[in-house]
Amino acid sequence: MARSSGKPVVVIVGRPNVGKSTLFNRLVGQKLALVDDQPGVTRDRRAGDATLLGLDFTLIDTAGFETEDEQTLPGRMRAQTQAAVREADVALFLIDGRAGLTPLDREIANWLRGLDTPIVLAANKCEGKAGEAGRLEAYELGLGEPFAMSAEHGEGVVDLFEGLREHIERDEEEVWEEDLPQTDVVIDPDAPEDEPVVDLGPLKLAIVGRPNAGKSTLVNKMLGEDRLITGPEAGITRDSIHLDWEWQGKDVVLVDTAGLRKRAKVDDKLEKLSAADTKRSIDRAEVVCLLLDSTRGLEAQDLRIADQVLQEGRALVIASNKWDVAENPSGLFNGVRAALDEGLAQVKGVPLIAVSAKTGKGIDQLMEAAFDLRERWSIRVPTGLLNRWFDDAIDAHAPPAPKGIRIKLRYITQAKTRPPGFVLFGTRVDKLPESYVRYLVNSLRRDLNLGPIPVRLMLRAPKNPYANKKRS
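In UniProt numbering, the protein residues as written are 1 to 472.
Because the hints were derived from the structure by calculation, they are not lab data.
Each hint can be trusted.
Think about it this way: if two alpha-carbon atoms lie no more than 20 angstroms apart in a straight line, the pair counts; the simulated EDC-like pairs of lysine to aspartate or glutamate are:
#1 Lys348 - Glu312
#2 Lys204 - Asp244
#3 Lys358 - Asp293
#4 Lys204 - Asp49
#5 Lys250 - Asp364
#6 Lys403 - Asp430
#7 Lys348 - Glu434
#8 Lys250 - Glu368
#9 Lys416 - Asp199
#10 Lys408 - Asp395
#11 Lys250 - Glu375
#12 Lys408 - Asp392
#13 Lys416 - Asp372
#14 Lys221 - Asp364
#15 Lys7 - Glu87
#16 Lys250 - Glu225
#17 Lys358 - Asp324
#18 Lys7 - Glu162
#19 Lys204 - Asp251
#20 Lys7 - Asp116
#21 Lys221 - Asp251
#22 Lys408 - Glu434
#23 Lys358 - Asp226
#24 Lys7 - Asp49
#25 Lys361 - Asp324
#26 Lys348 - Glu375
#27 Lys204 - Glu246
#28 Lys348 - Glu299
#29 Lys204 - Glu375
Taking the hints into account, I'd like the entire structure generated from these sequences.
So, in structure tokens, the structure goes:
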């Protein structure tokens, strides 16, 4: 039986538009999956941690089950759903109680009966008499007693507990053993007390780019399996899909996202929802990989996406895909490098890696760059080093005096990390020219080994202790 992080796996399966994603969102307690009235919104498998009356499990949302040819997009979606069901501990088969049984429901039931995976049958949308009639009709499938529920309103959802418990509940001893630490904590007596080793946890790496750049193909190559649906059609991915991966012994959370088109071209409701989902994934990531299509070169939309990533304060690495089929690859690389440095003037030297999602070439270099960026993005500069940098920067280039106004810079402190944020204190700092602020930021990056990391520099005037006191 397939288990993720020691938890049983429950997969929701059913034909399109029966409410699978609505039930998924309700059980995981978050709106992780896109939901809309039109069928076929979900395409790739999406996983989330769910709890039902103390029963913990991993829940998988799947694409609507259709009977199209295997080479079509619906056929490839069905293959992903079938793989998820075979790997699960329980299949939660969802039908539309209001609409009643359809020939496709019966076909899915016949397929499920041929598997070893236990089946729990639930009739969704069972509000009112029509829903109850649909639940009674579901007995014809021969899959046991159907549970009546409404995922949208939350009615009857807790009743699923009884159906799931008999298949996935484990005894306390097994749970206890799984909760024990798998490794010993080793304390190095020679380690300096003032330099603790900080475990940054799994690297959160989001893959973004224009539609059809090869994002899902790249993620599949990283995972070593066809986990995500791919194909020549643009815009296959709609939800942001989070996947656990291990690269050279290091934990990574990969996030495949929907392609981002120029805003003026986006008029479809679902595409707008997908774009918003991608933007949330950027905000939650530590490092963002912008994937380019080498056969098309660098386009204005690529620069817009890169700028958006940097504005959000995320570390950025750029991977140029399909390098192995591009004409004049060396010339193309130099051209893209020059265009990036010109188009992203606020951050110089963003890593550019040549990759092939098809062959896997360049993935190791991409991951090395991503981990290096995450480390710099999380850095806290020692106070002494920061003070020395500040003195040297002021000595090398004193602040100007616009219109004779003398600006006195007093000290700097690091207020935050991820990304690094600094606060510069001084008198009349509101008069400091933007060009001098850029000088300080660029000097910070260069001298403190921050490289292409987005840096925040805020200007503050020291508080006047007499400002709020009344004159005597």
